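Using the sequences and the hints given, assemble the complete structure.
2 protein chains.
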Amino acid sequence: MTHTTEHAPTRAHPDRVHLDNGGRARWHPLARQAFLQAVDDGWADPRRLHTEGRRAAALLDGAREAVAGVLGARTEEVRFTHSHTTALHSAVLAAADGRRRAGGDVVVSTVERAAVLHAAHDAAATHGGRRVDVPVDRTGRVDPDAMADALASPGVALAALQHANGEVGTLQPVEDVHARALAAGVPLLVDAGASLGHVALPPSWDLLAADPADWGAPAGVGVLAARGRVRLVLRGPEDPEPWAPGGVSVPAAFAAAVGLQAVAADREAEDARRRALIDRVRATVATVPDVEVVGEPDARLPHVATFSFLYVDGEALLTELDRAGLAVGSGSACTASTLEPSHVLAAMGVLTHGNVRIALDRSTTEQDVDRFLAVLPGAVARVREMLGVGGL
Amino acid sequence: MTHTTEHAPTRAHPDRVHLDNGGRARWHPLARQAFLQAVDDGWADPRRLHTEGRRAAALLDGAREAVAGVLGARTEEVRFTHSHTTALHSAVLAAADGRRRAGGDVVVSTVERAAVLHAAHDAAATHGGRRVDVPVDRTGRVDPDAMADALASPGVALAALQHANGEVGTLQPVEDVHARALAAGVPLLVDAGASLGHVALPPSWDLLAADPADWGAPAGVGVLAARGRVRLVLRGPEDPEPWAPGGVSVPAAFAAAVGLQAVAADREAEDARRRALIDRVRATVATVPDVEVVGEPDARLPHVATFSFLYVDGEALLTELDRAGLAVGSGSACTASTLEPSHVLAAMGVLTHGNVRIALDRSTTEQDVDRFLAVLPGAVARVREMLGVGGL
Numbered sequence: 001m002t003h004t005t006e007h008a009p010t011r012a013h014p015d016r017v018h019l020d021n022g023g024r025a026r027w028h029p030l031a032r033q034a035f036l037q038a039v040d041d042g043w044a045d046p047r048r049l050h051t052e053g054r055r056a057a058a059l060l061d062g063a064r065e066a067v068a069g070v071l072g073a074r075t076e077e078v079r080f081t082h083s084h085t086t087a088l089h090s091a092v093l094a095a096a097d098g099r100r101r102a103g104g105d106v107v108v109s110t111v112e113r114a115a116v117l118h119a120a121h122d123a124a125a126t127h128g129g130r131r132v133d134v135p136v137d138r139t140g141r142v143d144p145d146a147m148a149d150a151l152a153s154p155g156v157a158l159a160a161l162q163h164a165n166g167e168v169g170t171l172q173p174v175e176d177v178h179a180r181a182l183a184a185g186v187p188l189l190v191d192a193g194a195s196l197g198h199v200a201l202p203p204s205w206d207l208l209a210a211d212p213a214d215w216g217a218p219a220g221v222g223v224l225a226a227r228g229r230v231r232l233v234l235r236g237p238e239d240p241e242p243w244a245p246g247g248v249s250v251p252a253a254f255a256a257a258v259g260l261q262a263v264a265a266d267r268e269a270e271d272a273r274r275r276a277l278i279d280r281v282r283a284t285v286a287t288v289p290d291v292e293v294v295g296e297p298d299a300r301l302p303h304v305a306t307f308s309f310l311y312v313d314g315e316a317l318l319t320e321l322d323r324a325g326l327a328v329g330s331g332s333a334c335t336a337s338t339l340e341p342s343h344v345l346a347a348m349g350v351l352t353h354g355n356v357r358i359a360l361d362r363s364t365t366e367q368d369v370d371r372f373l374a375v376l377p378g379a380v381a382r383v384r385e386m387l388g389v390g391g392l
Numbered sequence: 393m394t395h396t397t398e399h400a401p402t403r404a405h406p407d408r409v410h411l412d413n414g415g416r417a418r419w420h421p422l423a424r425q426a427f428l429q430a431v432d433d434g435w436a437d438p439r440r441l442h443t444e445g446r447r448a449a450a451l452l453d454g455a456r457e458a459v460a461g462v463l464g465a466r467t468e469e470v471r472f473t474h475s476h477t478t479a480l481h482s483a484v485l486a487a488a489d490g491r492r493r494a495g496g497d498v499v500v501s502t503v504e505r506a507a508v509l510h511a512a513h514d515a516a517a518t519h520g521g522r523r524v525d526v527p528v529d530r531t532g533r534v535d536p537d538a539m540a541d542a543l544a545s546p547g548v549a550l551a552a553l554q555h556a557n558g559e560v561g562t563l564q565p566v567e568d569v570h571a572r573a574l575a576a577g578v579p580l581l582v583d584a585g586a587s588l589g590h591v592a593l594p595p596s597w598d599l600l601a602a603d604p605a606d607w608g609a610p611a612g613v614g615v616l617a618a619r620g621r622v623r624l625v626l627r628g629p630e631d632p633e634p635w636a637p638g639g640v641s642v643p644a645a646f647a648a649a650v651g652l653q654a655v656a657a658d659r660e661a662e663d664a665r666r667r668a669l670i671d672r673v674r675a676t677v678a679t680v681p682d683v684e685v686v687g688e689p690d691a692r693l694p695h696v697a698t699f700s701f702l703y704v705d706g707e708a709l710l711t712e713l714d715r716a717g718l719a720v721g722s723g724s725a726c727t728a729s730t731l732e733p734s735h736v737l738a739a740m741g742v743l744t745h746g747n748v749r750i751a752l753d754r755s756t757t758e759q760d761v762d763r764f765l766a767v768l769p770g771a772v773a774r775v776r777e778m779l780g781v782g783g784l
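Just so you know, the sequences run in chain order A and B.
By my numbering, the letter at position 126 of the first sequence is numbered 126, and the numbering carries on one by one without gaps.
With the second sequence counted from 1, adding 392 to any position gets you my numbering.
Rather than coming from a laboratory, the hints here were simulated on the basis of the structure.
Take the hints with a grain of salt, since some may be wrong.
[To be verified] These stretches of chain A come out as covered by chain B in the derived footprint (C-beta under 8 angstroms, 3 or more residues):
| no. | stretch |
| --- | --- |
| 1 | 15–27 |
| 2 | 39–51 |
| 3 | 63–76 |
| 4 | 116–122 |
| 5 | 129–137 |
| 6 | 259–271 |
Here the structure is a predicted model, which is why all the values come from computation and not from measurement.
Glycine is no exception: its CB is placed at the ideal position from the N, C-alpha and C atoms.
Pasting the structure below:
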């Protein structure tokens, strides 16, 4: 078996075009290489004192340091967790519990991930507070003034605002909101799970969570950073590794760090390349009858595009495209399996059905995009025909 | 890079003899092969509806089914968790919370893992109960009558008894205790984290946790099985995958299952082979002056041996052996990094310092054991000399 050292994921199924690379992308070749190296050199328990244990500990320390370097954080501010979801849960609960004397309210935007919304609800309920939901506009963007008003109310323990929305690509005004949060003395959790590795990350956060699986590293590991000034109180049974009880996989953490360094290195080039492709996708799809191109057109992730098609069932369209060799995402990233309407699209006030998202990774070519654009209009028409709305 | 298909782990450092394979072992070659296959075929999010997502879901379902087959459980009774520790935490909390009407007490043996002891403490505290600690004898074995007495008291929500102790190898009378628990109507959690894949597992459990990293599969994934009759109530923020929020790594789960099938297939042969090696180790080490061979001599894991050396510092001995190319374990598996005295050894009433554990894996040869036995007496003597007790 040979491993490529090219900087684009190899394709196990070359006839397929996979355009659902948000949240879970194919492994970056350098992440794969790092993983295998760490299976050989870092399989042992990093808490052990012998040579093999110390070697594993060194790989884990190196991984934390590398992630901290990309985040602009100190190494000791970075922890690995078991998943992006557990990072968000822990961050919300630990920071809200740590500030319980200030109050029990947790301020969130309505387009945060389900993990943030649920944890904020639980944290607030514990301390007799409430989750304060700040609405977004039709592009999915929160109004910094509305967020600032909510933040400045008495009794707020914590605020959470995502860096970018993974479903629709819209960037949030995190720098502005962080300045207001700082003034109010309220720590801000920034969910960078859809953005880290794709766009520049400002240092405007007190807590930050990021998702290795989104940048082509293994699933089963998450990243949580917290500035030293943030007081954190942990729930759950005592454990030597309370952020990831039982410890994380050293190879997965090492691959996460190496993968992050790799995507950070070519981020600007990949931003330009993928932004141009997405611009073309947005413009071309807009010509399909009865479609809404969703999300902020400019302040957005470079690699994500989302559309809502009137008179189309999202699952049927996804299946139709899949049959043609094209994989796309549909509906909410968090509840795709249940096909519940996306809370993000609902919060934006756009059509929640007939929704399709594409997210390009580093292996996506112009030809892939051409093929998607060639196949899509016919697929939409066929689904509309099946639903008996072909003539519309 | 070539991958061996031999059924023993390859050695990255052939000059080293690694005898600390309890809880974290080198990857089994078939687990490695399965992992890489699943990175190619199962990298996608198994909750997605396209071909790649369904392929990942099929691998995950197959993994659950395979593990269930080895456990003698139904597929839907098996869940993957983020680690063995989170499996134990979730099992104790969810089962105790599910039985809170019956009472708040949780009965445990004093040699359970720290994760069980801490979770039992938390669960009991939540419901106004207490953790009831049942002592063990000098071999580390719990008295089934004492366990039965504790079980039969009013107000017991849950009992936990490990199948075998990973630090000293002693098997517990789980069949006997399960019969008594069944009679008392109290569910029994059996921690098989040190035993599954090494000894036959009786079906005498209501909840069962097992540790893939212990049988040569990746860390970062755990196994939790619960019989359909056990009522479980989950803590923590709502999540579509509450036993592993955010989901587990599909390649890790698939490798865990394939690895388990592989070690189950040659379990009896490996039991006989390793038991004979350990018998020799126990007999030979007993001739070192001032040593106690720890644990039950017969009813024990086939591959584990533990010794306490008088007038020896455990860390110094571990370092001395490491310098000679031999990796061994020391002290408590849960707190090795802090070198706190092992709560297991303390509960047994044996010497808690100067402790060394070896755990053989499938790659351990007779020559490895010869080398350990040749090096050990001199290493012990040198450490005693350093401490100024060389003449004893």
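Verification of the hints:
Requiring three or more residues with a Cβ within less than 8 angstroms of a Cβ of chain B, the coverage given for the stretch 15–27 of chain A holds, as 8 such residues are present. Proximity of the stretch 39–51 of chain A to chain B, defined as three or more residues with a beta carbon under 8 angstroms from a beta carbon of that chain, is established by the 11 residues found. With 0 residues having a beta carbon nearer than 8 angstroms to a beta carbon of chain B, the stretch 63–76 of chain A misses the requirement of three or more and the stated coverage is violated. As drawn, the stretch 116–122 of chain A meets chain B at 4 residues by the rule of a beta-carbon pair under 8 angstroms; at three or more, the given contact holds.
Remark: the stretch 129–137 of chain A is not confirmed as covered by chain B, as 0 of its residues place a Cβ nearer than 8 angstroms to a Cβ of that chain, below the required three. Figure legend: the stretch 259–271 of chain A, annotated as covered by chain B; annotation inconsistent (0 residues with Cβ-Cβ distances under 8 angstroms, at least 3 required).
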